[in-house]
Amino acid sequence: MSRIFRRLRRILPGERSESDDEAWSATSETSSGAARTDGGVVSDSSTRGGTVDRLTGAVDDRLGQDFVESLPFWLPAFLLVGLFVYGAIFWNLLISLTDYEGFAQAPNYGNLDFEMYVRAATDSGAVTAAVNTVILLLAFTLATLALGLALAILIDRGIRFENTFRTIYLLPMSLSFVVTAQFWLWMYNYNNGVVNILLGTFGVGPIDWIGNQQIVLWAVIFALMWQFSGYAMVVYLAGLRAIPTEHYEAAKVDGASTLKMYWRVIVPQLKSATIGAAVVLMVFALKAFDFLYSLNANYRPPNGADILATKMVREAYSNQNWAYGAALAIILFAMALSVIGPYLAYQFRRGNL
Amino acid sequence: MSTETGGGIGNVDPYRVGLYAVLVGMAAFYLTPIESGLVTSFKTNTAVVETAPFAPPGGSGLTTEKWQAAVDALLRGMGNSLLYAVPATILSAFFGSITAYGLTITNWRMRYKAPLLALFVAGIFIPYQAVLVPLSQFWAQIAPLEEWLSFLWAAGINNDYVGILELIVTHVAYGIPICTILFRSYYKNISTEMVESARLDGATLRRVYRRIVFPLSTPMFAVVLIYQFTQIWNDLLFTLILVATESSAAAPVVLILAGLGQSLEGQDFGLRMAGAFFAALPTLAVYIMFGEEFAEGVAT
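Chains as they are written, first to last, in UniProt numbering: chain A, 1 to 353; chain B, 1 to 300.
These are computed hints drawn from the structure, not numbers from a lab.
Just so you know, these numbers come straight off a predicted model, no measurement behind them.
Don't take each hint at face value.
Unchecked claim - In the SDA-like style, the derived pairs of lysine to any residue whose C-alpha atoms are separated by at most 20 Å in a straight line are: (1) A/Lys287 - A/Lys271; (2) A/Lys287 - B/Tyr15; (3) A/Lys260 - A/Ala250; (4) A/Lys287 - A/Ile153; (5) A/Lys271 - A/Arg241; (6) A/Lys252 - B/Ala244; (7) A/Lys287 - B/Ala122; (8) A/Lys287 - A/Trp218; (9) A/Lys271 - A/Leu344; (10) A/Lys287 - A/Val265; (11) A/Lys271 - A/Ala242; (12) A/Lys260 - A/Glu246; (13) A/Lys287 - B/Ala244; (14) A/Lys260 - A/Ile153; (15) A/Lys287 - A/Val131; (16) A/Lys252 - A/Val265; (17) A/Lys252 - A/Gln269; (18) A/Lys271 - A/Ser338; (19) A/Lys260 - A/His247; (20) A/Lys287 - B/Phe125; (21) A/Lys252 - B/Arg16; (22) A/Lys287 - A/Thr128; (23) A/Lys287 - B/Leu237; (24) A/Lys271 - A/Trp218; (25) A/Lys260 - B/Tyr15; (26) A/Lys260 - B/Leu19; (27) A/Lys252 - A/Gly158.
With the sequences and hints as input, model every part of the structure.
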């Protein structure tokens, strides 16, 4: 029965949204309210009202044989992710409540308290790391989005060699943090680095970018922006390409200047691209551990650029303060969750889940 | 598109000239760190100090010594990296594909699938620090591969390689979420006519996957494999936790590179740059050959 209904639904108009392939990065402005199917299955709460859908829903409520038959396909992955991601996070939470440290075989789960969180709140190093994490998150994300948007708009203006420019701008993204850290360590070198030599021609400097605690975080943010702005560009480019050309033309007819057209007409339509890119960039920022570690090749990043991610690893793996490291990890996780949670809710509302 | 760019020398549009100037300037911004790294990798220590960082080495300043040293130091690491990056890439892509299939093309209700998918999506964004301590505990206590595989060490295999096995499983587990979501966004848009009729003809889900869905997924497999290979090859954190020391026989290339060219006397930038390029060769090659697929992977 249900198959027949599914086939029926397939013939009905407005079935598939055209732009789902971009759903995770951009577009799909056109489809937010439209009925959609996932290989013939109702996927969106907003479509549940239709008669046909309700009927299929009733039939499928018995979780037809497909459920059992599909288990082998997704259950192994589900168990792996459940164990390694969600099980591990829960376990980490438990460990953070113990006072596990040193080379003991296992944590003692008999006496759980929030001592490690109190310690984090009173540890000035941890507070600084948390503040640095927030600065890194916000400054890096905003700067990278702005640069990525500018590049996307420039590239989208019908230029020659578009592919070449795009390839060059995205190139750093293919390199690992460890490699880019080597490059920027050399760029920022006090005596012979490109940055100081260029500044020197304007009579500025030289500046000790890595050694000066006041500016090292900004130097790191700039280097990370170099690495990831190509990513923001790619996402924005997909978003720009999804905007119908009529919108540009209408704005022109209305006599809007180019700047005004982008600011008033085009940029507002890039909302979902911005949100998607921002979330991913923040995750990259949280992972900047690799970059900071490589600047010194030990567990201690340059003074002034300590973030929660580096402090957590140092406390756990260099100082053997396992429980304290686990507590810092939970704080970092809570920060990530405050970004991911709303993002997931947003995607769910748009029917992308 | 070409109407504006097609003009000859006679009608140069100052606006277009400005546009290209900015684009070329930005290209210089992205290429300068890479270019100055490349020229530095071919300089002697004296030339590194005496010439501008972006100037090519001249005459006696030119040397391949740094590259030889870097290859010597990193070659073993390259092999180790391949040893886990290749299996972990293939396995995570395969798991991602069948998981996305099981959660997308099959016909059980989306009301139950959506929370499952949300778990996978959230998994992409987890900062790995949040799982590190339990991960170490897991490999030390729950799955002590070092003990389980003691017959291998007895047979003469270096037991440092236990870290490689742990890296494979770990990278597969943490790669599944992104692979699943990449495949899912692809499967949502493939036509299900054939799947439907095959199902009506009584084909099992496994047969449908093997005969229809898997062959249709080839383009997405390219994207996912490229994306995953780059991610796994480039990752430092897990190698640092699971292999731990750069002197280990199983040390991956990123781990060795992170400490390359550092000593108490200062940093050997020629060696560091040569090492950085050598370590980046595999992902650079993949990027240059499959740029489109790479862009598609990161944009999704």
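- [ ] Tell me, in ascending order, the numbers of any earlier hints that this structure violates.
- [x] 1, 2, 4, 6, 10, 24
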